[in-house]
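Q: Numbering that gives the first Met the number 0 applies: residue 0 is where the sequence shown begins, and numbers increase by one.
Keep in mind that a hint or two might mislead.
[Claimed, not checked] For each label pair, taking beta carbons as the anchor points, the in silico distance ranges come out as:
#	residue 1	residue 2	range
1	N88	A116	16 to 26 angstroms
2	P71	A147	16 to 26 angstroms
3	A33	E124	47 to 57 angstroms
4	V108	A148	20 to 30 angstroms
5	P127	P60	20 to 30 angstroms
6	N88	T65	14 to 24 angstroms
7	T59	A148	28 to 38 angstroms
It should be emphasised that the hints constitute simulated quantities derived from the structure, not laboratory data.
C-beta: ideal position from N, C-alpha, C; glycine also.
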Amino acid sequence: MRVKAGAVCGLAILSLVIGACTQPTSHVADAGIAPPPLEIVLPRATLPDGATLDLELATTPEETTTGLMFRPSLPADRGMLLLWSEERNATIWMMNVLVPLDIVFLDDVGKVIEIVADARPCAAEPCPRFTPDKPSRAVLEMAAGSVAAHGITVGGSIRFERVPGYPVAETNSEF
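Use the sequences and the hints to build the structure in full.
A: Written as structure tokens, this is what we have:
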């Protein structure tokens with residue numbers, strides 16, 4: 000009889016431990032209410048006219064070399080920011096880029112140092128290469144026509160938010 004009482008006591012303790020480890024039921028799920036959707040906040044560029052672009056960041060050598068190659072389209076409200084840890088003599092080319100782009104070279108505080116408007120796609124060598132006269136810290140690639148549409152000019156500034164390692168626009172004097 001003593002063994003049975005010990006076994007019953009052991010089973011009771013085991014049941015309590017297992018019950019404590021299971022997930023509690025949610026009253027929200029029981030009521031059929033879905034949890035709020037997860038909001039993804041992307042890095043953003045604010046252009047001189049106040050328009051914004053959601054950005055994809057390219058920070059590794061592979062990402063900055065690939066850029067927007069092989070992309071069938073680029074929406075007008077999107078762009079890619081190629082970012083280096085320090086200023087450098089960056090060269091951009093359009094090999095295997097399928098859509099025309101505006102290319103904006105930027106210094107370390109978001110000031111525009113050179114613009115290539117309407118760079119055309121290139122499927123085979125020789126493809127043109129674009130290198131500014133001054134070193135750049137970042138390059139913003141966006142849909143062709145964006146520079147003219149949003150008033151981007153050499154010497155102007157672009158504001159950036161949520162871009163690790165690149166200054167936030169409060170350091171830019173134009174905004």
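Q: Determine for every hint whether it applies to the structure shown.
A: Right, here's what the structure says about each hint:
For the pair N88 and A116, the beta carbons lie near 21 angstroms from each other, so the given range of 16 to 26 angstroms is met. Against the hinted window of 16 to 26 angstroms, the Cβ-Cβ separation of P71 and A147 comes to about 23 angstroms, which satisfies the hint. In this structure the hint that A33 and E124 lie 47 to 57 angstroms apart at CB holds, the actual value being about 52 angstroms. A hinted range of 20 to 30 angstroms holds for the C-beta pair V108 and A148, which are about 24 angstroms apart.
Between P127 and P60 the CB atoms are about 22 angstroms apart, so this pair conforms to the stated range of 20 to 30 angstroms. Taken as a hint, the range 14 to 24 angstroms holds for the pair N88 and T65, whose Cβ atoms sit roughly 19 angstroms apart. At about 30 angstroms, the beta-carbon gap between T59 and A148 stays in the expected band of 28 to 38 angstroms.
In this structure, every one of the numbered hints holds.
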